[in-house]
Amino acid sequence: MNAEATSVEVIRQHLIDPEICIRCNTCEETCPVDAITHDSRNYVVDAAKCNGCNACISPCPTGSIDNWRQVARVRAYTLDEQFAWDALPAQEDLGSGAAPEIPQDIARITAEASAGQGGAVAAPWSAAHPYVNLHTLASPALATVSGNFALTAPGASSDIRHIVIDFGATAFPVLEGQTIGIVPPGTDALGRPHHVRLYSIASPREGERPGYNNVALTVKRVTADHAGNAVAGVASNYLCDLAKGDTVEVVGPFGTSFLMPNHPGSSLLMICTGTGSAPMRAMTERRRRRIAQREGGELMLFFGARAAEELPYFGPLQKLPQDFIDINFAFSRVPGEPRRYVQDLIRRRGDDVARLLRDEHCYIYICGLKGMEEGVAEAFADVCRQRDLDWAALLPDLRAKGRYHLETY
Amino acid sequence: MSTINYSEMIPNNVDLAGDRTLQRALEQWQPNYLKWWADMGPDGAQDFDVYLRTAVSVEPGGWAHFDHVKMPDYRWGIFLAPSEAERKIHFGEHLGEPAWQDIPGEHRANLRRIIVTQGDTEPASVEQQRHLGLTCPSQYDLRNLFQVNVEEGRHLWAMVYLLHRYFGRDGREEAEELLQRRSGDTDNPRILGAFNEKTPDWLAFFMFTYFTDRDGKFQLCALAESSFDPLARTTKFMLTEEAHHMFVGESGVARVLQRTCDVMKRLETDDPARVRGEGAIDLPTIQRYLNFHFSVTVDLFGADQSSNAATFYNAGLKGRFEEGKRGDDHRLLDAQYGILEAVDGRLVQRDVPMLNALNEVLRDDYIKDSVSGIGRWNKVMEKAGVPFRLVVPHKAFNRKIGTLANTRVSPDGRVVDAAEWAAHEREWLATPEDRAFVASLMGRVVEPGRFANWIAPPPMGINKQPIDFQYVRFN
Numbered sequence: 001m002n003a004e005a006t007s008v009e010v011i012r013q014h015l016i017d018p019e020i021c022i023r024c025n026t027c028e029e030t031c032p033v034d035a036i037t038h039d040s041r042n043y044v045v046d047a048a049k050c051n052g053c054n055a056c057i058s059p060c061p062t063g064s065i066d067n068w069r070q071v072a073r074v075r076a077y078t079l080d081e082q083f084a085w086d087a088l089p090a091q092e093d094l095g096s097g098a099a100p101e102i103p104q105d106i107a108r109i110t111a112e113a114s115a116g117q118g119g120a121v122a123a124p125w126s127a128a129h130p131y132v133n134l135h136t137l138a139s140p141a142l143a144t145v146s147g148n149f150a151l152t153a154p155g156a157s158s159d160i161r162h163i164v165i166d167f168g169a170t171a172f173p174v175l176e177g178q179t180i181g182i183v184p185p186g187t188d189a190l191g192r193p194h195h196v197r198l199y200s201i202a203s204p205r206e207g208e209r210p211g212y213n214n215v216a217l218t219v220k221r222v223t224a225d226h227a228g229n230a231v232a233g234v235a236s237n238y239l240c241d242l243a244k245g246d247t248v249e250v251v252g253p254f255g256t257s258f259l260m261p262n263h264p265g266s267s268l269l270m271i272c273t274g275t276g277s278a279p280m281r282a283m284t285e286r287r288r289r290r291i292a293q294r295e296g297g298e299l300m301l302f303f304g305a306r307a308a309e310e311l312p313y314f315g316p317l318q319k320l321p322q323d324f325i326d327i328n329f330a331f332s333r334v335p336g337e338p339r340r341y342v343q344d345l346i347r348r349r350g351d352d353v354a355r356l357l358r359d360e361h362c363y364i365y366i367c368g369l370k371g372m373e374e375g376v377a378e379a380f381a382d383v384c385r386q387r388d389l390d391w392a393a394l395l396p397d398l399r400a401k402g403r404y405h406l407e408t409y
Numbered sequence: 001m002s003t004i005n006y007s008e009m010i011p012n013n014v015d016l017a018g019d020r021t022l023q024r025a026l027e028q029w030q031p032n033y034l035k036w037w038a039d040m041g042p043d044g045a046q047d048f049d050v051y052l053r054t055a056v057s058v059e060p061g062g063w064a065h066f067d068h069v070k071m072p073d074y075r076w077g078i079f080l081a082p083s084e085a086e087r088k089i090h091f092g093e094h095l096g097e098p099a100w101q102d103i104p105g106e107h108r109a110n111l112r113r114i115i116v117t118q119g120d121t122e123p124a125s126v127e128q129q130r131h132l133g134l135t136c137p138s139q140y141d142l143r144n145l146f147q148v149n150v151e152e153g154r155h156l157w158a159m160v161y162l163l164h165r166y167f168g169r170d171g172r173e174e175a176e177e178l179l180q181r182r183s184g185d186t187d188n189p190r191i192l193g194a195f196n197e198k199t200p201d202w203l204a205f206f207m208f209t210y211f212t213d214r215d216g217k218f219q220l221c222a223l224a225e226s227s228f229d230p231l232a233r234t235t236k237f238m239l240t241e242e243a244h245h246m247f248v249g250e251s252g253v254a255r256v257l258q259r260t261c262d263v264m265k266r267l268e269t270d271d272p273a274r275v276r277g278e279g280a281i282d283l284p285t286i287q288r289y290l291n292f293h294f295s296v297t298v299d300l301f302g303a304d305q306s307s308n309a310a311t312f313y314n315a316g317l318k319g320r321f322e323e324g325k326r327g328d329d330h331r332l333l334d335a336q337y338g339i340l341e342a343v344d345g346r347l348v349q350r351d352v353p354m355l356n357a358l359n360e361v362l363r364d365d366y367i368k369d370s371v372s373g374i375g376r377w378n379k380v381m382e383k384a385g386v387p388f389r390l391v392v393p394h395k396a397f398n399r400k401i402g403t404l405a406n407t408r409v410s411p412d413g414r415v416v417d418a419a420e421w422a423a424h425e426r427e428w429l430a431t432p433e434d435r436a437f438v439a440s441l442m443g444r445v446v447e448p449g450r451f452a453n454w455i456a457p458p459p460m461g462i463n464k465q466p467i468d469f470q471y472v473r474f475n
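Chains as they are written, first to last, in our numbering: chain A, 1 to 409; chain B, 1 to 475.
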C-alpha cells in the first residue's frame, strides 16, 4: 500500500460507551490481545492493538462494548481522548474520499454467525485473496436470474432451491465460502426497507458454469420461525419465487476468513446441515474440477438432514467417486430408524477425524443451524479425549492457524 | 439419576463425564439442590420461560447463549477459567513456588472455611430475592432478576464442585448444609449478617446488587489470586457473571434517579412530598437507602484488624484485590496500613501491620470502586439540571463490626453521641415509613415494553433485543 493510500485508510474503530459502561473490567480481562485498558474514569480500546475479534462483545453485561466509529486510521481516537469522554462522539463525516465501510448489518450478522468459533480466525495461509464489499447497499450490483431449480422433491416437507444468478458485465469476483447480500425489494409492515440477508455462495470461484460470470445460491423457503410458528421468510420467499430473467440487487461479496486452502496436499473436513451445505458444495466442486491436477489431500464430509429427500445435492453427491470424497450422511427423521446426527457419525469415524485434526494441512468447516455447534464441539472433544488429544488445547491452535471455521445461523 | 448425560445437563470443563467420584457426589446433591430451588427459588416463577444467558464454555464464544428456558431447567454448569501453564504463587510465604493443584493438608480447614463462607452467600441472595418477581417494574427487570438468581445458583454449584472434588466427606457435608441454612432464619441463619437482611423492594434489590454484589466481586477478586489454583480459576470465571449483577444494580438505580429527575423537572420542584405524590421516589429517600446498603456491606469485609486475614494471606490462600498489579514485595512483613479508631470523640488514623489489616485494605479498595459508580449516578442529576448529589457516607458510619462497632459516627464522619444519633437517625437511614412508601409503589408491571411509574426504561435491551421484547413468557 502506498503512503497516500495509508493516509486515507479508514478503519472501524472499536469504542466503549462511557455512559452505559459500569467499569466491571470483564472486557479487559477477556481481551486476548490486551487492547483494553482503563483509568479511574473510563475503559478504553487501543485502536493500534484491537484486531476486531469480538471476544469482548458477548461477555459484556451492559452492551456498552459494542460501539464502532469509522475513522481515518491516522485520526483514530487516542487513549487520552477516550479517557476524557463523558459520552461517545458522533460519527464524523469522512467526506467522499473514504472507502465504504462493511455495513453494520453485515458486520453484525457475520459476527453472530461466527460467534461459535470463539473469536476471529485467520484465513488458511494458502487461501486466495478475497475481494470484499465491492457493491454496497447504496449502489448494489444488478444480477439476472438464469435458473431456479428445486433441490427437494415436490412432496418433501421443505422447499430448497438452487438459484443461479448472472452478473453479466459487472465484476463480482467471489471465492468459495464467501457470502453475498440480497436486499428484498419493498418495505416491511412499518414502511422500513427490508434488512439485508446473507447467503453463502454454492458455486466455485470460476462460476456455476465454468467461464461464466454467475454464482449459485442454496435457498430454503422459510415457512416457520425458530419456535415453529408460521412465518413467511421475506427474503427466502422472494428468492425462491424468482423466475428466469428476473433481476436481483446484490451487495458484497463478504467474508475474509471462511475460505478454502489452495496448496497441494491440503485436506477439507466439512460438517454441515441443510443449506449449510452451500459453501461445502462450492469447495467440493472446486476440488472436483481440479481432480485431473492430482494435487492430493482428502475431502471428508459429514452432512445432516431430516431425510434423504430433504438433503440438497443428495443425488449429485452420491455420484462423486469414493476416493475423491468420504461422505457421511446423518438422517434424523427416517421412519423406523434411530435419529442420527452429524455428531454421532463424527464419533463413529473418530479415528479418521482425529487423524485429520492432527494433520496441519487439514482445514475444518462447519456450517448449518446454530443448534449443531455444541453437539459438534462435544463430539470433537470426545474424539480427542479417547485418542490422547486435548480439544481445549487444540482449538486455540486450530483457530490461530486458520484451520477452524464456523458459520451458523 | 445414573443416566445423566453430564456434558449435556451440566456444561463443564472439569471432565465431569470421566470422574465417577464427583458424579456420585453430585448425583446425591443435585436432587436436593433442585428441591431447594423449588422451595426457596423465585416464588411462583418455576414455569415461566425466561430469556436467559447460559454459559456453555469458558471461551468468549461459549459465554453467552441466549434462549427462553424454564429456570429449573437452567443448565447450571461448572467452569474453571482456562489454566495458566506453570502458574506460580505470587504472594505470601510460598511466593515463587508452583501454584497448588491439590490442597496442602495444613490449609484444608482454612480453605474449606473460605469456600463455605463464599458459597453460603450465593443461595442466601436467591432466598432474599425470592418474592421480588411478584412486584417487578417490567418484564425487562423481571428477566434481569431471574438471570441474577440463576447465576447465584451457578455460583453455588461452583463452590460445591470445589467442596465435592477436594474435601471428601467433610466437603459433601458442607455442601448439604449450604442447602439447609436459610436467610433470616433464627435457628439456622446464613453465615454473614447482610445475607440475613430482607430485600423487600426493588430499590433495595438494585442497591443490593450494586453494593453487596460488589462485595462479592472484591471477595472473588481476592480469591482469584489464591495459590489453590482450582479456587483461583473458579472464582475468576464467576467474576464475569458477577459483573452482570452489578450492571443490574448500577443501571437500576440510575433509571430510578432518571425517573425522579424527570418528575422533578416537570413539576419544577425539589419537595420530596410532591415527588412522592407523583409516584416517584424522592432523592433523599434514595440517599437513605444508599447509606444503609453501603454501611451494611462495608461491614461484610470483617474486622479491621484480623489475624485470620493475615494467616490467609501469608499462607497464600487469599490475596489482595489486583495483587498481581501491585508493586510491593507481596509478603508485607514490614508494611504498615492506616486504620480508623475513635479517640477522645474524634476519628484518628493509626498505622498497624498491613498483614493484620488486609480486611481494611480490601474494604478501602471496595469503597473506591463504589464511589466511582455513585459519581456516574450523579451525572444523571447533572444532566437533568437537578442540583442534588448523592454522597457516599463515611466508612465509619453505622458500623456493626470491627473497632468502630460501638462508635456512633455521622455520614459526614463526625463522632456523635447517642442523643445526636437518635435525633438524626431518620435523616440518615431509610425509615420504616420510607420503606412503606417504596413498598406502596411496587405494583407488578409485565406487559412487554411497559415500565412502572417510578423507574425509567433502560437505554437498550438485553442481547440487542428491543426493550419491548418478550423477555418472560408466562405459561
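Among the clues, some could well be false.
What the hints assert, rightly or not - Derived CB-CB ranges, DEER-like: (1) B/Met9 with A/Pro335: 51 to 57 Å; (2) A/Asp390 with B/Asp170: 46 to 52 Å; (3) A/Pro335 with B/Glu8: 54 to 60 Å; (4) B/Asp170 with A/Tyr409: 47 to 53 Å; (5) B/Thr117 with A/Ile327: 44 to 50 Å; (6) A/Arg288 with B/Asp19: 42 to 48 Å; (7) B/Gln46 with A/Gln386: 34 to 40 Å.
To be verified - Quick list of in silico lysine to any residue cross-link-like pairs, SDA-like style, CA-CA up to 25 Å: (8) B/Lys325 with A/Asn42; (9) B/Lys217 with A/Asp66; (10) B/Lys400 with B/Pro200; (11) B/Lys368 with A/Asp80; (12) B/Lys464 with A/Val231; (13) B/Lys383 with A/Asp66; (14) B/Lys198 with B/Arg435; (15) B/Lys217 with B/Val416; (16) B/Lys379 with A/Thr78; (17) A/Lys370 with B/Val69; (18) B/Lys265 with A/Ala48; (19) B/Lys464 with A/His195; (20) B/Lys383 with B/Ile467; (21) B/Lys217 with A/Asn42; (22) B/Lys464 with A/Thr187; (23) B/Lys379 with A/His195; (24) B/Lys464 with A/Thr110; (25) B/Lys35 with B/Leu192; (26) A/Lys370 with B/Lys88; (27) B/Lys464 with A/Ile11; (28) B/Lys325 with A/Asp80; (29) B/Lys325 with A/Ala48; (30) B/Lys379 with A/Asp34; (31) B/Lys368 with A/Asp34; (32) B/Lys379 with A/Ile11; (33) B/Lys464 with A/Gln13; (34) B/Lys88 with B/Val416; (35) B/Lys368 with A/Asp86; (36) B/Lys368 with B/Asp417; (37) B/Lys464 with A/Asp66; (38) B/Lys383 with A/Pro89; (39) A/Lys220 with A/Leu369; (40) B/Lys368 with B/Ala64.
Simulated from the structure, these hints should not be mistaken for laboratory data.
Here a beta-carbon is modelled for each residue, glycine too, at the ideal position from N, C-alpha and C.
Hint check:
1. B/Met9 with A/Pro335: 51 to 57 Å: 29 Å, violated
2. A/Asp390 with B/Asp170: 46 to 52 Å: 32 Å, violated
3. A/Pro335 with B/Glu8: 54 to 60 Å: Between A/Pro335 and B/Glu8, where Cβ atoms are some 26 Å apart, the hint is violated.
4. B/Asp170 with A/Tyr409: 47 to 53 Å: Holds, since B/Asp170 and A/Tyr409 (Cβ atoms, about 49 Å apart) stay within the stated range.
5. B/Thr117 with A/Ile327: 44 to 50 Å: 57 Å, violated
6. A/Arg288 with B/Asp19: 42 to 48 Å: Given range 42 to 48 Å: holds, Cβ gap about 46 Å.
7. B/Gln46 with A/Gln386: 34 to 40 Å: 38 Å, holds
8. B/Lys325 with A/Asn42: 18 Å, holds
9. B/Lys217 with A/Asp66: 23 Å, holds
10. B/Lys400 with B/Pro200: 21 Å, holds
11. B/Lys368 with A/Asp80: At roughly 22 Å apart (the allowed maximum being 25 Å), A/Asp80 and B/Lys368 satisfy the hint.
12. B/Lys464 with A/Val231: Holds, at about 22 Å.
13. B/Lys383 with A/Asp66: The given pair, whose Cα atoms are some 24 Å apart, holds under the 25 Å limit.
14. B/Lys198 with B/Arg435: Holds, at roughly 11 Å.
15. B/Lys217 with B/Val416: 32 Å, violated
16. B/Lys379 with A/Thr78: 24 Å, holds
17. A/Lys370 with B/Val69: Given that 25 Å is the threshold and the Cα spacing comes to 16 Å, the pair holds.
18. B/Lys265 with A/Ala48: 44 Å, violated
19. B/Lys464 with A/His195: 16 Å, holds
20. B/Lys383 with B/Ile467: 23 Å, holds
21. B/Lys217 with A/Asn42: Given that 25 Å is the threshold and the Cα spacing comes to 19 Å, the pair holds.
22. B/Lys464 with A/Thr187: 22 Å, holds
23. B/Lys379 with A/His195: Violated, at roughly 36 Å.
24. B/Lys464 with A/Thr110: Distance ~15 Å between B/Lys464 and A/Thr110 Cα, so the pair holds.
25. B/Lys35 with B/Leu192: 23 Å, holds
26. A/Lys370 with B/Lys88: 39 Å, violated
27. B/Lys464 with A/Ile11: 23 Å, holds
28. B/Lys325 with A/Asp80: 21 Å, holds
29. B/Lys325 with A/Ala48: With a Cα-Cα distance of about 23 Å, the restraint between B/Lys325 and A/Ala48 holds, given a limit of 25 Å.
30. B/Lys379 with A/Asp34: Roughly 29 Å between the alpha carbons, so the hint for B/Lys379 and A/Asp34 is violated.
31. B/Lys368 with A/Asp34: Distance of about 24 Å is within 25 Å: holds.
32. B/Lys379 with A/Ile11: 31 Å, violated
33. B/Lys464 with A/Gln13: Answer holds: B/Lys464 to A/Gln13 is near 20 Å, not above 25 Å.
34. B/Lys88 with B/Val416: This hinted pair is violated, its Cα atoms lying about 49 Å apart.
35. B/Lys368 with A/Asp86: Roughly 19 Å between the alpha carbons, so the hint for B/Lys368 and A/Asp86 holds.
36. B/Lys368 with B/Asp417: 28 Å, violated
37. B/Lys464 with A/Asp66: 10 Å, holds
38. B/Lys383 with A/Pro89: The given pair, whose Cα atoms are some 17 Å apart, holds under the 25 Å limit.
39. A/Lys220 with A/Leu369: 12 Å, holds
40. B/Lys368 with B/Ala64: 30 Å, violated
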